[in-house]
Each structure stands twice: as C-alpha cells, then as structure tokens.
Amino acid sequence: VTRPAASHRLQRVLAMVPWIAAHDGPTLDEVCARFDLTRAQLAADLEVIFVIGLPPYTPDELVDVVIEDDRVWIRYAEFFARPLRLTPEQGLALIAAGSTMLALAGAEPDGPLARGLAKLADVLGVDPSQSIEVSLGETRPGILETLQRAVRDRRQVRLHYYAYGRDEHTERTVDPYRVHADEGAWYLLGHCHLAGGERLFRVDRISTATLLEDTFAAPPERPAGDVFNPAPDDPRVVLELEPGAAWVADQYPTEARQELLGGGLRVTLAVAAEPWLERLLVRLGNDVRVVDAPAGSALAGAGERAARRILARYGV
Amino acid sequence: MRLEPWQLGEGEPITARVRIDGPQASWAVHHLGQSAVVELGAGGEVVVELPVTNISAFRSFVLSFLEHAEVLSPADLRDDIITWLREIAS
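Same order as they appear, the protein sequences are chains A and B. Following the numbering used here, the numbering of the first sequence begins with 143 at its first residue and continues without gaps. Following the numbering used here, the numbering of the second sequence begins with 5 at its first residue and continues without gaps.
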C-alpha cells in the first residue's frame with residue numbers, strides 16, 4: 143500500500159466505523175454501496191479495524207468487528223466511553239477533522255459524528271460552518287464550474303492543458319467523468335481523445351476549458367482510484383534517499399521501500415515521464431542517488447543532464 | 005494570509021527576481037498571483053519578485069521549472085543555484 147493510498151484508506155475507515163456502529167448490522171453489500179467499495183476492499187478495511195485499540199491490546203481495548211451471515215457489526219472498545227479532556231486547540235482541530243469526514247462519501251450529515259461535532263462546537267462557542275475555511279486548491283475563474291457542468295451534462299470539453307510531468311502544453315478533447323479534490327488540489331478524470339485513454343488532469347493546470355456540444359456515453363461506475371496510477375510498462379527506478387529526502391517516499395507512490403543504515407531509504411518509483419524524474423533529482427541534489435534504472439534507458443543520468451541544461455541557461 | 009514554502013524561514017526576507025519562460029509563466033503567475041509580476045515580456049515570459057527567507061525551498065521551487073526559469077538577482081541566490089547544479093552535474 144503506498145502512502146497516498148493509505149491516507150485515503152484511513153479517511154474511508156474513519157468515516158465507515160461510526161456509520162457501521164450506528165446501524166444494526168448493515169449487510170456487506172450495503173456498506174460497499176455506501177462507501178463505493180468492492181467487497182475485497184471492504185474485507186481489507188475491516189481487517190484494519192480489527193486492530194484499532196490501545197495498549198495492551200487486550201480484547202476490551204480493541205474495536206470489535208463481528209461479521210455474520212453477510213452482515214457486519216462494530217462495537218467500540220471501552221476507551222471510547224472514557225471522557226476526553228480536550229484543550230480548546232484540540233477541540234477545534236477535532237471539529238476541523240470531523241467536518242472533513244462529514245464531507246466524505248458515505249458519511250451521514252445528521253449521524254452521530256455530526257451530532258457529536260455540534261455538541262463540541264457548542265461547548266467551544268464556535269460555528270463549525272464558519273470558523274474553518276478549507277481551501278481545496280485554486281483554479282482559474284470559471285474552469286471548475288465548466289468542468290462540473292460538463293460532467294453533469296455528459297458533454298465533451300476542449301482543454302488547454304500544461305502537462306507538468308512531461309513539461310509540455312497541449313490542446314485536447316476530453317470526455318469528463320468526474321471532478322474531485324485530493325490532497326488540496328482539484329482533479330478531472332476523463333477519457334482523453336489525444337492520449338486515447340483515461341487520464342487524470344490537475345484542474346489548476348488547465349488554462350482554458352471550452353464546453354462542446356458533443357456528448358458521450360456514461361462512463362462505467364467504479365471506485366475512485368489514486369491520483370497517480372502507473373502503467374505496467376512505465377519504467378521503474380530505484381533511488382537511495384538520504385534522511386533529508388525521505389519525504390519523497392511519503393509524497394509519491396512507492397512500489398518498494400527499504401530502510402537503510404543511517405536513516406535513509408531505498409525506494410522504487412514508477413516514472414511516467416522523464417521531466418518528472420529530472421525535476422525530482424535536481425531538487426534533491428546530493429540527497430538522492432539513482433542506484434538502478436532500466437538497461438538502455440536514459441533515466442540513470444537524468445539528473446546530471448537536467449543540471450547541465452539549467453546551467454547552460456545561467457551561462458555556465 | 006497564505007505563506008509559500010520559501011517564506012517559511014527566519015530573518016529578513018531577501019527579494020529574489022526570477023524570470024520564467026512564456027509557456028510556464030501562465031501556470032506560475034496563477035500560482036504566485038499577479039502581484040508578484042514585475043515585468044511582462046512580449047513572448048509571455050515574466051519576471052516575478054518573491055520574498056525569500058528559506059533558501060532551500062526557494063531553490064526547490066525555481067528548479068521545478070528546470071531550464072525554463074532563471075534567478076536574476078540577488079547574486080547570492082543565483083550563485084547558490086549554480087553551485088547546487090554544478091555538484092549534481094559533476
């Protein structure tokens with residue numbers, strides 16, 4: 143599981159636990175439908191919930207999950223019943239996090255989480271709807287609205303898009319399937335006629351979006367995926383990261399990671415476009431080393447070549 | 005007020021001037037805000053001024069443009085980038 147995927151999963155589990163606990167044994171299919179999951183994903187999530195608890199992890203300190211006759215029950219561990227003594231800052235942080243949970247797919251706007259947050263907000267004397275401003279990423283005026291309308295009406299859009307990873311500007315026609323926010327940025331998922339396949343676009347890199355008259359068939363329903371889904375034939379590189387560059391393993395999907403003596407990491411990353419790797423390598427400098435790259439590819443020397451090109455710009 | 009990573013340092017900010025090429029300028033200005041732009045070229049390139057208190061974050065931002073951006077001044081920040089790149093290229 144990559145770190146971004148783990149983050150999504152944690153959010154989902156946090157929304158799922160109170161909903162299941164508040165309902166008297168919903169069926170597994172009902173939970174899957176509510177949280178947009180496959181049964182395999184649900185089974186994996188429930189395995190995580192089994193081990194939520196406090197030391198010494200005795201049965202009374204663990205969340206109890208019971209699956210019987212295709213139905214599931216969750217009973218909270220005893221620590222949930224103990225009174226919390228929150229500072230005002232902790233309370234405000236809890237309201238912020240809880241409000242975010244309420245915005246997730248499947249959360250109940252009038253459920254136990256919403257009621258608990260309302261009580262907490264009342265004690266703190268804040269209005270949760272006004273006290274916290276959450277920015278989901280800036281976009282150019284009108285573009286997000288155009289895309290949302292195109293998704294709703296199933297109309298194609300013409301985009302002028304800056305592909306950051308490939309460092310190129312393109313014009314492309316897209317069948318827009320879904321607009322969603324992730325990690326502080328807006329994304330458009332759709333079928334790109336230029337690429338001939340499904341692609342994910344960052345909305346803040348779309349400089350113009352024109353709504354077209356052409357329509358398209360409804361896309362197949364499926365759970366939301368990760369922001370970056372590497373193709374099987376994307377080349378892989380193995381990087382050794384100094385401790386100061388370990389954030390790379392948290393920010394990008396890593397397919398393998400190994401801790402090194404001294405606090406560094408060895409990670410395997412998929413490379414969808416060489417400029418993306420060049421950027422990473424020149425930004426990290428001596429904190430990164432490419433220790434393996436596909437034979438015959440230019441990726442092993444990507445950092446050095448990019449550095450020389452940039453130096454040439456400085457007249458060096 | 006939103007603070008950029010290159011503002012998350014201590015001390016008095018240094019004003020850095022950076023030229024960004026036309027094709028990348030649109031995205032950069034959208035991110036930085038029009039108020040950062042001090043020059044606009046005929047080819048769409050821009051010169052922006054940024055208050056810097058965190059040099060490593062500033063360097064990382066500028067290098068994310070690869071060869072499409074150049075630190076014009078001050079000399080210390082320009083030299084910092086050159087020294088950094090020479091170590092990678094050697």
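Careful, some of the hints might be misleading.
To be verified - Example chain B residues on the side facing chain A (calculated, C-beta under 10 Å, incomplete): (1) I18; (2) R21; (3) F69; (4) W88.
FYI, nobody ran anything at the bench for these hints, they're computed from the structure. All figures in this text were calculated on a predicted structure; none of them were measured in a lab. Positions of the beta carbon are idealized from the N, C-alpha and C atoms, including for glycine.
Hints and how they fare:
Look at I18/B: its Cβ only gets to about 18 Å from chain A, farther than 10 Å, so that hint breaks. Proximity of R21/B to chain A is violated relative to the hint, the smallest CB-CB distance being about 14 Å (cut-off 10 Å). For F69/B, the shortest C-beta to C-beta distance to chain A is roughly 8 Å, which falls under 10 Å, so the interface hint holds. Interface restraint check for W88/B: the shortest CB-CB distance to chain A comes to about 6 Å, inside 10 Å, so the restraint holds.
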